[in-house]
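Peer 1: Place chains B, C and D on chain A using the hints.
Residue numbers (this note's numbering), protein chains in the order written: chain A, 261 to 575; chain B, 2 to 327; chain C, 377 to 696; chain D, 50 to 359.
By construction, these hints were calculated from the structure, which means they are not laboratory data.
Yeah, the Cβ is synthetic: ideal placement off N, Cα and C, and Gly gets one too.
Below, computed lysine to aspartate or glutamate pairings styled on DMTMM-like, alpha-carbon distance capped at 20 angstroms:
{"#": "1", "chain 1": "A", "residue 1": "LYS508", "chain 2": "A", "residue 2": "ASP470"}
{"#": "2", "chain 1": "C", "residue 1": "LYS390", "chain 2": "B", "residue 2": "ASP131"}
{"#": "3", "chain 1": "D", "residue 1": "LYS124", "chain 2": "D", "residue 2": "GLU114"}
{"#": "4", "chain 1": "D", "residue 1": "LYS303", "chain 2": "A", "residue 2": "GLU456"}
{"#": "5", "chain 1": "B", "residue 1": "LYS187", "chain 2": "B", "residue 2": "ASP163"}
{"#": "6", "chain 1": "C", "residue 1": "LYS390", "chain 2": "B", "residue 2": "GLU128"}
{"#": "7", "chain 1": "A", "residue 1": "LYS455", "chain 2": "D", "residue 2": "GLU296"}
{"#": "8", "chain 1": "A", "residue 1": "LYS291", "chain 2": "A", "residue 2": "ASP271"}
{"#": "9", "chain 1": "D", "residue 1": "LYS51", "chain 2": "D", "residue 2": "GLU345"}
{"#": "10", "chain 1": "A", "residue 1": "LYS291", "chain 2": "A", "residue 2": "GLU564"}
{"#": "11", "chain 1": "D", "residue 1": "LYS51", "chain 2": "D", "residue 2": "GLU85"}
{"#": "12", "chain 1": "D", "residue 1": "LYS51", "chain 2": "D", "residue 2": "GLU278"}
{"#": "13", "chain 1": "D", "residue 1": "LYS51", "chain 2": "D", "residue 2": "ASP263"}
{"#": "14", "chain 1": "B", "residue 1": "LYS187", "chain 2": "B", "residue 2": "GLU158"}
{"#": "15", "chain 1": "D", "residue 1": "LYS303", "chain 2": "A", "residue 2": "ASP470"}
{"#": "16", "chain 1": "A", "residue 1": "LYS291", "chain 2": "A", "residue 2": "GLU264"}
{"#": "17", "chain 1": "A", "residue 1": "LYS455", "chain 2": "A", "residue 2": "GLU431"}
{"#": "18", "chain 1": "D", "residue 1": "LYS303", "chain 2": "A", "residue 2": "GLU497"}
{"#": "19", "chain 1": "D", "residue 1": "LYS64", "chain 2": "C", "residue 2": "ASP514"}
{"#": "20", "chain 1": "A", "residue 1": "LYS291", "chain 2": "A", "residue 2": "GLU497"}
{"#": "21", "chain 1": "D", "residue 1": "LYS51", "chain 2": "D", "residue 2": "ASP245"}
Among the chain A residues that face chain D by a calculated CB cut under 8 angstroms, a handful are:
{"#": "22", "residue": "THR445"}
{"#": "23", "residue": "SER477"}
{"#": "24", "residue": "LEU499"}
{"#": "25", "residue": "LEU510"}
{"#": "26", "residue": "ALA513"}
{"#": "27", "residue": "PRO515"}
{"#": "28", "residue": "VAL527"}
{"#": "29", "residue": "VAL531"}
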Amino acid sequence: MTGEALLSVSDLRLQHRQAGILLDGVSLTVKRGQILGVVGESGSGKSLTGLSVLGLQPQGQLSGTLRFDGEDLTRFSSRDWRRFRGRRAAMIFQDPMTAFLPVRRIGPQIVEQIRVHTALSHQAARERVVSLLGRMGVPSPEQTAQRFPHELSGGLRQRAMIAMALSCDPELLIADEPTTALDVTVQTQILTLLKEIGAREASVMLITHDMGVVAQSCTDVAVLYAGVVIETGPVAEVLQAPLHPYTKALLRAIPPMTGSRPERLPVIDGVPPSPDTRPVGCVFAPRCPQVTPDCAIRPPMRGEGAHRAACVLVP
Amino acid sequence: MKGVASRLGQMVLVLFGISVLVFAVFFATPGSDPSVRIAGRGASPEVIERVRHAYGFDRPLPMRYLTMMDHLFISRNLTSYVNHGQNVVSEVFAAAPVTLSLVLWAALFWVAGALVFGLIGAAFQGEWIDRLVSLLALIGLSIPVFWLGEMVNLVSESRFHDSWLFSWVPPLGYVPFMTSPLGWAKALILPAMTLAVAFIGLYSRVLRTDLLTAMQDDALRTARAKGVGPWRLWFCHALRLSGLSALSLFGLDFAQLLGGGALLIEVVFALPGVGHLTYQGLSTLDLPLIMATVLYAAFFVVIANALIDGLYRLLDPRMGRGSHDG
Amino acid sequence: MIFSATGRFLYRRKSAAAALGMLLLLILCALAAPLYAENVGVDPMESSLAGTVLRDGKRVDIMQPNDNPLHLGLSPIGPSWRWGAYALGADSQGRDIAARLLYGARASLLIAFSAACLCLVMATFCGLLAGYCGGWIDIIISRALDILWAVPVYLFAISLSVVTVGHDLSFGPFHVQPDSLLLPIGIIALIYVPYAARPIRARTRSLSSAGFVLAARGLGASSLRIVFREILPLLAETVLVLSPLIMALCLLAESALSFLSLGVQAPAASWGSLIHDGEGLIYSRPVVAIAPGVAIILTVLALNALGDAAQAELRARGRR
Amino acid sequence: MKALLQARNVARMYKLGGGAALRAVDGISLNVARGETLALVGESGCGKSTLGRLLMGFDRPDSGEILFDGQNLAKCSAREQRALRSQLQMVFQDSASAFNPRWTIGSALAEPFRIHGRPWSRQSLETLLNRVGLSAAFFDRYPAALSGGQRQRLNIARAIALSPRLIVADEPVSALDVSVQAQIVNLLRHLQAELDLACLFISHDLAVVRQISDRIAVMYLGAIVEEGETLALLAAPSHPYTLALVEAVPQPGKLLGTPLQGDVPSPLSPPTGCRFHTRCPVAQSRCAVDRPELQERPGLRRVACHFPLV
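Bound conformation, chain A alone (with noise of 0.2 angstroms):
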């Protein structure tokens, strides 16, 4: 099964009536039993890209292709995205206090998405959700699913979440920003558990603004700047052999952990571009140090194999 592309996304846009161009040409694959990384700064879409998979992006002129195992996702009805939703692919989200329903218990809750999409009866869904959360690593299932989401600790509640986004077997589970709420160390066992699920489960599309996080859990990476993919590759070759500037100067500008400590950490001098005055060009032209006259023309992606970049200096 791995190696077939589950999700494609190609040439993605999104126009927002007051805020402007949000996405503008986001291409990339997600695999079978791959973990792929979308990372980016803040505003550069990777949040929106995962949302309009699921249909949940905000109102606005959406174009491009999204297939999702041959089937196309912008046809799909309000009802077909009922069906599809949670039940072929699933989210979770950065901060799993606010996510789930306050005033609800866990338990209740996952067995409601259960019951949404098959027609197992109360009870097997109950105990559906005890053995998910054991799986998940949860301490005392049972007790777990009979407490409020305020009651649980940041990194069960995660888990919670993920159990619940796991409930109906999905093929796709995309993660947006998981562990940016959560603490250092429970980071690491949040991580840990959806590279496993990577390799097991289901495929998962990581949402992150953190290089180090995909460095340590993804298989591939998209980099995301200004609402365009600007470079894709297996993790390894991307973060060893960056093309693009933005990419390297991106992991540049990160503070090491070991070796000396340089006088100056590395910077990219300016600003994103806001949504409403985009470059015709490159997007990151203007921020970009080995700028050239060509980067007028926004450059395609080019590159050989699965390592790619859009920018000029590519061979």
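Peer 2: Chains B, C and D in isolation, oriented as in the chain A frame:
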């Protein structure tokens, strides 16, 4: 358990505060002497002095307060100043069922109306139907309730009484449930609807805003991502999340009405409820009667507050984890 | 800055502009009351049971034999479409309804406006003190407001009015006339203090825990400086937005009190007392009660619409 | 080296409803020398922000003393404390709420001078803006017009306006993107060297802390578990918790380590003995009963562990 005890203590404290407040308003307002009022305008100083002695107004205030509380709550034999020998406490208890019936009917209308209008407004946000509902709610909120009562009387009792629409309307007044359940309902439907109009306006607006806020909530985004359908989304998620603030508002208003807030409606529709009783007391300056009704009102408000608080804790598990602010 | 902001607000929110226009019109009408009374030649305060009025070229009695066979006695003259005295008819005392409506507007609007101002001043004081100081000051103020809140508002207002309105009152060196408007103003202001103080207190609390207040403390600013320079200017927006809504409530309360003859004292008029006058004539001359009711609805509606628009504007500003 | 800021056995407890008490800070002693940067590191709920508030004098400790330049902050009057503020400034994490939205940037910057009655001119404020890398054109604009990174620069400008001697920075870069974060870290280091500024840097991000600090104090559940010189401490942690933190930092070119088990226990009911023993991979029976004291170790290191790693 400790929480319940402290809650009870607070209730007693509030009730005590209210009784002192009401007592002070009637007997210790600076510059206003109750004996002058009872003796009437232009009474001679001797008469005023006699009144003062007869009613015990020459005794110190705390003593008078204690005596009145004793008559009200312990011996329960407080008698009217105007109609001597009439027991005020039993009068209040006789009037209570009328008010209770009226307010229950009104609550029925206003909860139903607010739900319908609020949900319509939120579901069709920004469309013409939402604007229409908002305008109607605003108008409902702006009508003085006693005037609306007059107009309803005018239409249903006089101008269109003979039409098919209002021919069933009985003459003004109250019919006890035990006498005739149908007559009871007939007598109360129009007053209750009149009373409910302003509340429908208020609550549908509150509910609409809360629903729209809830729909923006992260938890609702999760629900959509789960594949929950629109009906479940509105009723099981949004309403569950947003109904809480409307609920606490409801408890307070319900209790206020029960405690005599429906006075104007009772006067206009000639219903002999607690509000009407207070009105009588006011027009004859029957201070013990007013004292009794106001305290009865406050009692209901305090009890209802406590009940709503408990219900809130039950429905929102986040409450009740200590007094941690935030 | 303030004027241009107001201008932009009115331009963006047409409903607010319409509401403001309506209110200005009402105020103008109230101001023009003596003008009307002199022009058509009526005295709005004197009863004139034996008077006559020119109608359709004929001089007719103000109190006419009843046209409804079921009602006995005299009934006042009805409305007419022509401009002139008694255009809206007369009340049971033979007074011109239209003139009384205009004079009533003066009393109603004055009471509502003054009561709202007084109420907001008191509420801001309480809310600011409770919200900024916190601790036991907050507990005492909040509990005191809870106690006020536990008495149904109208019942409280009525009780206070019974004790005070219509009696000679002396507060130390101050003497209040029995029919002074100060009494209803003070009473109505007082009963809505808890209502207004709650949101003000909540806003103060959130403002005083905001980052910039902490930053000001970190810079070494004193509490007074923080309250007056950092908190009050932002709190003023909340109070300003609240004011039309409070004024609407005050107007309704005033009309209710006057309807029960506990507000404005006869022969002076307010919209509420006019409805009271109309109650007795409700089946024969309903216009006597309808006209002041419509006036109240229009005013309250305009105030509520203005308040709504201001609230929406404030929310939008908060988002930006 | 004379300590500029000194905390001795500082403790702060918050009483919650129902008789529960939260020991946010539980007997902490530390020193910050002139011109030095001490980083306070720990996970959420470890009390590092509470300690920051105590050191700033926003809150008073239940016991212990805080000496700033020899003066006890916990004891001096409100007036004296306000006067000390010009020496002691704070930079907050949330730059969006740190400025009154109705004030222009210029008036926000002038405020510290007005409060302390110091002279200022438009020109001096514009120089201040330039110093933190902001254009003087922002002078008459509102804070809402700035991006997150720019606002954090403005925050720093306000903090250094009165030439303080110590800055307490509470998670100043956590809300920022990596590239912006690098800019702010560079700016802070540059200003510190230029102004001989001491800094207490509160953060959960070890990579940033490594870049900016001279010494690190690691906190766990209200107490310091390890303290030492930055590079040495991160290269060879003595406390198992420090090691776990270092291993958990996600970095390119590093494999995902074995995570610590469980979550941080609730500070409402901390474990007995060593606070960390419930999650410690090398804990022994003694750790559950006997609470280790912070002990001096060679190489200017202090560790609170019965079985230190190095």
